[in-house]
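Trainee: From just these sequences and the hints, can you work out the full model?
Chain by chain, the residues:
There are 2 protein chains.
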Amino acid sequence: MSEPTSLAGEAEQLDAADGLAAMRERFVLDDVTYLDGNSLGALPAHVPARVADVVARQWGELRIRSWEESGWWTAPERIGDRIAPLVGAAAGQVVVGDSTSVNVFKALVAAVRMAQEDGGAGGGDGGAGPVRDEILVDATTFPTDGYIAESAARMTGCALRAVAPAEVPGALGDRTAAVLLNHVDYRSGRLHDLPGLTAAVHAAGAYAVWDLCHSAGALPVGLDEHGVDLAVGCTYKYLNGGPGSPAYLYVRRDLQPRFDSPLPGWNSHAEPFGMRPAYAPASGAVRGRVGTPDILSLLALDAALDVWDEDAVSVAAVRAKSLALTDFFLRCVGAYVPDGRVESVTPAAHAERGSQVALRCDDAGEVMKRLIERGVVGDYRAPDVLRFGFTPLYVGFADVERAARVLARTLAG
Amino acid sequence: MSEPTSLAGEAEQLDAADGLAAMRERFVLDDVTYLDGNSLGALPAHVPARVADVVARQWGELRIRSWEESGWWTAPERIGDRIAPLVGAAAGQVVVGDSTSVNVFKALVAAVRMAQEDGGAGGGDGGAGPVRDEILVDATTFPTDGYIAESAARMTGCALRAVAPAEVPGALGDRTAAVLLNHVDYRSGRLHDLPGLTAAVHAAGAYAVWDLCHSAGALPVGLDEHGVDLAVGCTYKYLNGGPGSPAYLYVRRDLQPRFDSPLPGWNSHAEPFGMRPAYAPASGAVRGRVGTPDILSLLALDAALDVWDEDAVSVAAVRAKSLALTDFFLRCVGAYVPDGRVESVTPAAHAERGSQVALRCDDAGEVMKRLIERGVVGDYRAPDVLRFGFTPLYVGFADVERAARVLARTLAG
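Sequence lines, in order, name chains A and B.
The first sequence begins at 1 in this note's numbering and counts up by one.
The second sequence begins at 414 in this note's numbering and counts up by one.
Hints are computed from structural coordinates only; laboratory data are not their basis.
None of the values given here were measured: they were computed from a predicted structure.
Keep in mind that a hint or two might mislead.
Below, in silico cross-link-like pairs of lysine to aspartate or glutamate (EDC-like), each with a Cα-Cα straight-line distance of 20 Å or less [unchecked claim]:
1) A/Lys369 x A/Asp30
2) A/Lys369 x A/Asp379
3) A/Lys369 x A/Asp31
4) A/Lys369 x B/Glu481
5) B/Lys782 x B/Asp792
6) A/Lys369 x A/Asp384
7) B/Lys782 x A/Glu61
8) B/Lys782 x B/Asp797
9) B/Lys782 x B/Asp444
10) B/Lys782 x A/Glu68
11) B/Lys782 x A/Glu69
12) A/Lys369 x A/Glu343
13) B/Lys782 x B/Glu756
14) B/Lys782 x B/Asp443
15) A/Lys369 x B/Glu474
16) A/Lys369 x B/Glu482
Mentor: This is the structure in structure tokens:
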């Protein structure tokens, strides 16, 4: 068992050598050890002034003119293009707006429609096989994806089957239309095999919809590289867009002409100001838009994304630091916390780990309450998980050591 | 034909006698004559400081704690309860979130499901009649409602029929499931007969969904009084919530237990933090929620609604002034603009007029451009309509006279 002082000393060295350490200055942080950026990212320091300008000048002074002059109208696709490189997508495939739940609905219904139209993504046989009438959903998903998948299934005449991600390859069949998967499990922090599972889904002639809420901004996603069909994600976790900032939808370029939205609002029309009674979808990712975008939330996100561009932060560097942080946390917990008091449910293997560590603990709810009182903020997920998120842009190794130390003290009573 | 000076003098007198005149001070306005509040309401002067507090303190300092401590989690229903009296609804029936388009989808699908379940709102025969498989939609609707209605019809196995509102009573039948109507026509400014049409829809055993975008905040709606089933509306027009501020959904109390949402996101779950794999809907209007609410936009709206409460503004007073403003505008246009150059498409009868005046004009697009250059801001709706909105909280009679005068000068070349 290492001495606390030696781990604290090691943390100091790691922080000194951290190429991303200076990024912390870009965020509003205080004495609290904030390990809940996987729920709500911290405030980037320049965002308040930017939001103030949107409110006072763009809305207050320019008013309606801002739809053109301040770029409000095109913000969903423009900001989508800023998120695109963070998830490994070329421009023109990501659009921002609505909540993650609403985007899951769009993506899943559109995926089923494509599958039913072509008999499967991989098949060129014009639908000679059986009808594609089954949706598979990650059995360990954050609940909203499952609830929305159930609605999408009901409204497209499909059956819904919940399957653990590892068992998806064996569950796929010639009736599978679409598969909804999480890149990183919200509870355990497990990173799923996006390339392998996407390939398996395609081999079965189905479409893969990925939920990136817990991976985007924390690790490489590679949507284009791995041929993902559709993806959704939120922007208020590792992208620091602010509470409830709008989600995004990725539609792979070659699928865009076939993207048939269940929510074809006027913002997705080819000529939105033509006021045509008949619907005609726009080209490109814009087809995923619905109604009038929520400009204040959207432009706060726009500002928050500056931290990636202005410092040319690479997702690879973020991932390297994220793994170093979670490795170090697991070591500190191993050193400080008595054996058997907590158990990590986050995989030890790097290839299977997101940017969080989840510890199973009998009295997790009570323990997290006390941790927060002591200035270590993680969160609790029912029934028995302590969840700690590590945002490489602003969490350092000293934070990690402190969190483990306070956890050990808290568990000691 | 009146002399310009006499109408200007009359405007001065009307402004002096206007009980709402002092409200103008609560808004950020400048030399521009702003008659586009029916597109984007002006900025209430106290909103910037409130938004700054939400960003800097609630997000920046309290971070995740704000979901409880700053009331973020319950904001959609709390703010819904603030909108409720403005649309004639008792508390507990309005929830804020998502765009108008998304709420139209929720309301219409839920209405069809109720109709198919009971064979009609008015019938107690347990569905002995023919299946309810038709949706009627206002043929003159703002396009998004028509596009979304088409999707709702497609996804519930209904046919969609576009009918002019006045012809709805004759078009209703025992197969009608739901009718989607606009309270005020976005283009012509015509106010439709909400009580009469709702009664007709009910007499046919169907459900009425009303879009209040162009009436809420400008005139009495009386949702409860007239037994409306479901309603939606935006908050960035006469409610001044800010660009793209979230929309709202009204579900009449007795229908709430039967409201079966096509977008059953985790925020609508009976136990959202229980992380249950099985969906179980919450009670009440909360059932209309979907995903994580966009807090910045939502709390800007919350602040904007203060102008109604703090000054105890009555919707009846707003309506009286609105009619006086549009009457006066029509008189000024009649006096200043050469005969035949423009034609009002807004009804002359008060009972049929919203809070805007729409003038048909051959070169409307070009005329509006020149009007805006001269500091009179209305908007243009293809192909030939000049649209002027009158927000009684901040538009005065001198504004009206000036707008008509500048219009006449502009039309003169």
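Trainee: Take the hints in turn and mark each one as holding or not.
Mentor: Here's how the hints hold up against the structure:
| no. | hint | verdict |
| --- | --- | --- |
| 1 | A/Lys369 x A/Asp30 | holds, 19 Å |
| 2 | A/Lys369 x A/Asp379 | holds, 9 Å |
| 3 | A/Lys369 x A/Asp31 | holds, 17 Å |
| 4 | A/Lys369 x B/Glu481 | holds, 14 Å |
| 5 | B/Lys782 x B/Asp792 | holds, 9 Å |
| 6 | A/Lys369 x A/Asp384 | holds, 13 Å |
| 7 | B/Lys782 x A/Glu61 | holds, 18 Å |
| 8 | B/Lys782 x B/Asp797 | holds, 13 Å |
| 9 | B/Lys782 x B/Asp444 | holds, 17 Å |
| 10 | B/Lys782 x A/Glu68 | holds, 14 Å |
| 11 | B/Lys782 x A/Glu69 | holds, 14 Å |
| 12 | A/Lys369 x A/Glu343 | holds, 19 Å |
| 13 | B/Lys782 x B/Glu756 | holds, 19 Å |
| 14 | B/Lys782 x B/Asp443 | holds, 19 Å |
| 15 | A/Lys369 x B/Glu474 | holds, 18 Å |
| 16 | A/Lys369 x B/Glu482 | holds, 15 Å |
This entry satisfies every hint, going by the numbered hints stated previously.
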